[in-house]
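Chemist: In terms of the UniProt record's numbering, the sequence shown is residues 1 to 464.
Source of the hints: derived by calculation from the structure; they are not laboratory data.
Treat the hints with caution; some may be incorrect.
Unchecked claim - Only pairs whose alpha carbons sit at most 27 Å apart, straight line, appear in this in silico DSSO-like list of lysine-lysine:
1) 379 - 393
2) 420 - 173
3) 239 - 393
4) 200 - 393
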Amino acid sequence: MITPRFSCSQTTNTVVVSIYCPSIRASDVEIHVDHTLFSIHVNPYFLRLNFSHPIIEDDESNAKYEPSSGYLTVTLTKADPGQDFQDLDLLAKLLAPRPTNVQAPCIEVVSSTTEEDELVEKAQNLSIDRQEILEAAQNDWQLPQSLPEDIPGVSIHAVQRYGFLNMYTGYFKHISHTENEVDELGPDAEIIAPAERRKKRIAHENSKWDEEHYMADFADDEMIQELIAWKHPYIEDNKAIHYTDEENMVMLRLPRKEYLATPHQTHVCYLTLLSLLFSYAYDSRTTQCDPTPESAWTIAALVPAFTALDPPPYDDTHIPFPLVFSPAELNAALVPSYRRCLAFPLYRSFALAEACRADVAGYLSKGKRLVLRCLLDIKNALDHHEVYYLYSKLWVDDFCVWIQTYGSDDVLTALAEGLKALPMSKNLIGWHLDELEAAVQGVEDRESDSDDESSGDSSDSSSS
């Protein structure tokens, strides 16, 4: 079945669903309404939407098809007239399955073969083998013989999970055969424990840190100051967010999942979101919202959850209230992003990193609709790369669905306020940034004094 393009709107008493389904027969349309669930089927299209409030079919409800435009417009009556149906523009949320009351993680069915089917299959195989033996004995045939195969080696390493809510495994089995320049775990990515991933990430960051590069950018920062002065149009624009047709099509292709995250997992999702938005902010500033072929590398390289499969939290602070973020925890969550933007890309400036943090606060303060648009931009950059599209599958696709269905504007606003007031110290980075900047400033001061003395000597000589 094909999921058609659609859009939803509302009036005081009705919800209107506009569906693009060209070349159909209106007499074949099947519509079903069940409390908050609306479904429509007309070959080859099928659409099921789950609204936030109940709807009903009554005399006021109707469906009209326009063959010239290919649009089927279905008008449904609100069970409670005047009730506001929220998030009608968040298509992935409407397409998500109806929430269940189960409080434990769902089980993923990896095979439809039941235990009984397996037993029957084994019995049949046994019967065939036995029949062959009996026939061979009766006819005095020579039974086929072969050397026993070597027993495969048994791995003593447990396969590790990773990605959004640790739902994935097996994606890096053949990483050595790809040109993944941001991967920091190598062929052992599938078996390296989380604690070891973190050690490898930190060691890699330290190896890539270049004092001379940082000092040179600090001394000659004209270009960096231009990047810092630039304003992101998403933050500057105060108009209501309306997604483009292209963005809506991307949302229609997102996976349809129900995420039964624990409070701690939800907490981790918000912290991981900060690193994704930080990488997006850096790329947006350095390209001024005109992505380049290097944008996918930049975004991927700055996210620890991508390069080392190492998402937050990065400290051992006990969290009594899962969705309350302390300054210490926010600092710990952002330090890896700061370190990476000072060690890997072209422009390496602490002031530029601070501007990116301000951008992240700006995205969050505008709510989940703008955050979703940023995530869609990240997905677009990664999906067009022949290697880094992998990180869309492991992280970004699920984040796009999760932020629509489970994201809270109140939590995002609280995070934004926390980032704005956050005192980020250079000492947390661990690379003696203050000392390096002081050394550069000292050299500049000495050169300035030398220039003043030279100009003074010249004036004395001319006067004599």
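Chemist: Against this structure, judge whether each hint is valid.
Modeler: Verification of the supplied hints:
This hinted pair checks out: residue 379 and residue 393 have alpha carbons roughly 9 Å apart, not beyond 27 Å. This hinted pair does not check out: residue 420 and residue 173 have alpha carbons roughly 41 Å apart, beyond 27 Å. Proximity of residue 239 to residue 393 is assessed by CA-CA distance (about 31 Å); at most 27 Å being required, the pair is judged violated. Between residue 200 and residue 393, the direct Cα distance comes to roughly 23 Å. Compliance with the 27 Å bound is thereby established for this hinted pair.
Going through the hint list in order, the structure does not satisfy hints 2 and 3.
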